[in-house]
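Based on the sequences and whatever the hints tell you, model everything.
Residue numbers (the working numbering), protein chains in the order written: chain E, 4 to 315; chain P, 10 to 460.
It is worth saying that the hints were derived from the structure and are not from the lab. Cβ coordinates follow ideal geometry from the N, Cα and C atoms, glycine included.
FRET-style restraints, in silico, Cβ to Cβ:
| # | chain 1 | residue 1 | chain 2 | residue 2 | range |
| --- | --- | --- | --- | --- | --- |
| 1 | P | 257 | E | 134 | 27 to 37 Å |
| 2 | P | 216 | E | 97 | 48 to 58 Å |
| 3 | E | 113 | P | 339 | 49 to 59 Å |
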Amino acid sequence: MTTVASVSEETDSSPYALSHLDALESEAVHIFREVAGEFERPVILFSGGKDSIVMLHLALKAFAPAAIPFTLLHVDTGHNFPEVLEYRDRTVEKHGLRLHIASVQDYIDRGVLRERPDGTRNPLQTVPLTEKIQSERFDAVFGGGRRDEEKARAKERVFSLRDEFSQWDPRRQRPELWQLYNGRHAPGEHVRVFPLSNWTELDVWQYIAREGIELPDIYFAHEREVFQRSNMWLTAGEWGGPKDGETVEKRLVRYRTVGDMSCTGAVDSDATTLDAVIAEIAASRLTERGATRADDKMSEAAMEDRKREGYF
Amino acid sequence: MTSTTEPTEPLSVEQLSATTLLRFATAGSVDDGKSTLVGRLLHDSKSVLTDQLEAVERVSASRGQDAPDLALLTDGLRAEREQGITIDVAYRYFATARRRFILADTPGHVQYTRNMVTGASTADLAVVLVDARNGVIEQTRRHAAVAALLRVPHVVLAVNKMDLVEYKESVFAAIAEEFTAYASELGVPEITAIPISALAGDNVVDASANMDWYGGPTVLEHLETVPVSHDLGHCHARLPVQYVIRPQTAEHPDYRGYAGQIAAGSFRVGESVTVLPSGRTTKVAGIDLLGKQVDVAWTPQSVTLLLEDDIDVSRGDLIVPSKDAPPTTQDVEATVCHVADQPLTVGHRVLLKHGTRTVKAIVKDIPSRLTLDDLSLHPHPGQLVANDIGRVKIRAAEPLPLDSYADSRRTGAFILIDPADGTTLTAGMVGESFAAPQPVKDEGDDDGWDF
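Set out below in structure tokens:
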């Protein structure tokens, strides 16, 4: 080992060292405040899932004791978990926020979108989302996406410019230097902003535990009627399952992600507390998406292709 | 079935929460095994999970490869997989019991300079890879120069492919000595050389049985233990104001807070501060640390400062200690790296973003362009094209409180933006650098080159 010149005497035991959660929190708050300072009409994508719940918590902290200067937007697939919708509405009410809803069901009822043969509605969210962004003239759209989720996301910038069709072009990304985020955009374009870019699934859970953030119950182990499809436990329901040959059984499960019921699977778990969930995630040999999302398994580039079209 | 199985030495919740964060960047040329090193770090630190590995195995097998190609873990885009190239920087995450890591994985292709500048701008440490068979080559010197230019505090020289030179100590020692001499002269403050084989796994995560002559840490051990500097003693305190928080509610009728992330140093309640560029002075009446009132706060905490006097402060202003205010100037001299495809020319009208302030500016002069290969200077090149590093003189429309990049990586840095289409054009570092026409080397000063 060759070491030259001065080495700082300071170490991680320095009183000035931030824990990784404090560092990530500070960075996310900085991102929220940059957007508040530079954009006219920002909106937070809020689904009632853990990432968007953490985003909202960070936004509330960033502007306290004032209210957050953003509205919320939920793309409702029509196949959401009732517990999550209840949580969503309760949270909006509690903080006195305004919620916009873009409804996939509306688009299907109007004949603009057609139900897919597999019943999965996740890919159908893109059109209602992008049209809502256009009609409300949102210029910054916060998403809870994390780079650790998927390898196309690993390439995503914190500030991600989208064209007038909401498309992502990985070749046209701006380099992000220091903490100098560039939010310039032409009329009709907007910027997707990912304050949790540098967080991992485990960070999100540790932060939830540290901050005592309330979550929808389905994140904790509970008995549920599920059936098996594509190697996942799906919740039985009006959305289209089970079909012939699929049998419903009662199992002790919880969810690692929350999305459309048709493609979000539950995992076997007896973790009923935050500590138990964290221990379970830390020991898990499967990624969150690999364990519970059918839509990402459709092809090698499923996420990239959807993001190019305007998906979050 | 999707269940959580076989815990591999699970960490306790306390252990998981006590870790710190290290940001590092990798640099290497095309065939020196960088993807393999990154893949090995992720794989051997058990950061690659079963479903990810299965996907890699599936694709590798479908291509007729015998072993899983670890580079597939990091090539995330369709075009990258199809063409076998890497586009742009990707960020990757892994953790051990001691630290959380954010890795800026910078590709070694033609666009190397801007990519490495991007990755290095936020890095505490850079890993420069060389092939033990080739030793220090031009590309290696370029990587060392960029690490020095961006003032990355720690550099690791990873001498790779030691298995192909029979694990000879003499080969390693010669490369380490040559690189250390070169990088120290450039002003790289700390250099650690480690002999590795990324392919065989020697000294990446596990210590090598093939090189018992080496007594130093493995790459991962070094990443886990390298001190991240928290030495704030001689730092100039700086708070770029991002946003003014004014609730105007019954509960908080008079609250007026200046929100921002402390860019350098620390602030204390009671301290005299000056607001730039106006120059008005007041005292810190209180500090809100995300809902908690504190007496002192430091970089990189996001805080809200409350001031004693009701003076005019808005986004773009910089709050500094009154005893330690930087000069404000409209004339910016800097070393820049041009990162856009369209060139930067003399007379170019641009936007300059420094901290939270964006002002109009004009490129007055480009005195020189630097050739990183041999550090030679080309006077008055007329323009800078993508990946060029050069000296630039800029006139800003408003006075800016600029620190030297040597003093503060955060408040000494800026970007230039094309006002027409919003493109990020250029990364700038304020002050002198080795690209100055006549760099002065002070033999008695271990800072070496003066940036």
